[in-house]
Amino acid sequence: MSENPVEAYVRAAAVLSGLELGEESLKAVVANTRTLQTMYAEFSALDLPDGLDPAAVLTL
Amino acid sequence: MNAQAAKLQADLTAGQIAGAVRAGRLSVVDIAEAALDRIRAIDGGLNCFTDVFAERARATARAVDQAVRRGADPGPLAGVPVAVKNLYDVEGEVTLAGSVIERDSPPAKEDAALVERLQAAGAVLVGALNMDEYAYGFTTENSHYGPTRNPHDPARVSGGSSGGSAAAVAAGLVPITLGSDTNGSIRVPAALCGVYGLKPTFGRLSRRGVYPFVHSLDHTGPFARSAADLALAYDALQGADLRDPACALRPVEPVSGSSPSSPEAVRAGVLGGWFQDNISADALAGLHAVADALDARPAELPGARAARAAAFCLTGAEGGSLHLPDLIARPGDFDPATRDRLIAGALQPAHVAVRAQRVRRWFLDQALELFETFDVLAAPATPFPATPIGRATVAMGGQSVSVRAVMGLYAQPISFIGLPVLVVPIVRSGRLPVGVQLIAPPWREDVLFGLAARLEAEGVCGAALPSALSGALSPKPAREPQSHAV
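So the sequences go chain by chain: A and B.
Going by our numbering, the residue at position 56 of the first sequence is 56; the numbering climbs one at a time, nothing skipped.
Going by our numbering, the residue at position 3 of the second sequence is 3; the numbering climbs one at a time, nothing skipped.
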């Protein structure tokens, strides 16, 4: 297992998903995962009200 | 006749073409041949088209001419040449979706719903248009089919992912095209190519027969060089479709022929905060031009930053999941940049996508509350005009950021909640185009068309053929149009 937690996550998740990543692809996927991690931080801290139904998102 | 018709058609609007055809003053066969001639003459330098359907176009044109001769109504788009992003199904053709993987798919058995509707309105389909691979990008620098060049400066990108659709209209190759918009893929190229683009309310237009990207975010919509042409196309495309589960059961609500909105009839806001952070002087000038014309007041939409981030993650999750079988089986057949973003998206934990959906519902509520004060909101379509082809990053906020990612900064939060948006091209003589998003509450596309007509009448917005192409409108000696597909 790599000491880098994001890389370790990507390796494990790839195995679970049936993906084989070459070294170059692994580097790029890790970089993209870091971007997603940053993005997630932007909205995970929002104090959302209770009862928001994710299934209702397409109802306009 | 062909050379004359070619010049005429490049200058004429779709409405003028249809009017002349309906009155028997122009032959649809001549118009179709002129469009094919012009594509042959000009598109080699732009790369808008990946396929040209010459025989289908001729057959359709003959049928419309026959309808006119026998006194039948040929439809509101009679004889108007149109083209569609190559993720729309066209009967008998392989739907590429910007990929090489889909070349191995069987030809489509029927036209996409919106292609059917254009043809039923009398339009003549002439070809399929370039795009980012699987619609995942904002520049149409397709590694398989080449970049689509911006008609206003061929050294620059056309925007994406519907870059071929925007550039073909901007260059006068056809008056109307169709694209798709998941995070900005109609609005970004419309702005960078200086044409009108409509991303309607989520569920307004059918997506049947359109290759998906992100099911819960995908929209379809038209491009045109005038507000009236965009309205003509939109009216022809509207209507429920029981074969598309996301298409709303709403009647056609026509917008063609509606009067320009009067200034006092519309309460306009101009979005600040996220929507003006990191904006270039060019894009800001365009926004100010619209805001001044609409007498808009400052408006704030809370949560836009979080909404954009949530849209970003959700796009990766849904898009990555969609393509996972090919990512496993044929990873070498993707553009590596597309592949590695899709893989990262697919590998996200499930709670990220669920959280993003909850943010989406919350953010929609913020927008609906703002629409209690305003009837329409204006926002820039992109942070800056078209960038040079091949430039991967730009400086923004003291950092080097990906062009592919940031072109959609201001578009993504709005499509995330399905609001209707009409991008208007700002009149900027001799300068690169910029566009402004006009945003309305759900199902109020009529408000947007009224305002676009008013801004156009006042000279604030409008689309002009690129001066650099005006000398190229006379067709070269005939040869059969060929597919540009590799």
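Just so you know, these hints were derived from the structure itself, not from any lab.
Model, not experiment: these values are computed from the prediction.
Where is the CB? At the ideal position from N, CA and C, for every residue including glycine.
Be aware that a few hints might be false.
Across the chosen pairs, the derived CB separations fall in these ranges [as the list claims (entries may be wrong)]:
id	chain 1	residue 1	chain 2	residue 2	range
1	B	66	A	16	29 to 37 Å
2	A	27	B	103	40 to 48 Å
3	B	464	A	34	14 to 22 Å
4	B	281	A	18	33 to 41 Å
5	B	250	A	5	43 to 51 Å
6	B	297	A	18	31 to 39 Å
7	A	15	B	265	27 to 35 Å
8	B	91	A	41	43 to 51 Å
9	B	388	A	41	30 to 38 Å
A quick look at each hint next to the structure:
1. With their beta carbons about 60 Å apart, residue 66 of chain B and residue 16 of chain A fall outside the hinted range of 29 to 37 Å.
2. Between residue 27 of chain A and residue 103 of chain B the beta carbons are some 29 Å apart, a value that contradicts the proposed interval 40 to 48 Å.
3. The given range of 14 to 22 Å is broken by residue 464 of chain B and residue 34 of chain A, whose C-beta atoms sit roughly 43 Å from each other.
4. A hinted range of 33 to 41 Å for the beta carbons of residue 281 of chain B and residue 18 of chain A is inconsistent with their spacing of about 49 Å.
5. The beta-carbon spacing between residue 250 of chain B and residue 5 of chain A, approximately 48 Å, falls within the hinted interval of 43 to 51 Å.
6. Between residue 297 of chain B and residue 18 of chain A the Cβ separation comes to about 54 Å, which falls outside the hinted range of 31 to 39 Å.
7. A beta carbon spacing of about 60 Å between residue 15 of chain A and residue 265 of chain B contradicts the range 27 to 35 Å that was offered as a hint.
8. Between residue 91 of chain B and residue 41 of chain A the beta carbon distance is about 47 Å. The supplied range of 43 to 51 Å therefore holds.
9. Between residue 388 of chain B and residue 41 of chain A the CB atoms are about 32 Å apart, so this pair conforms to the stated range of 30 to 38 Å.
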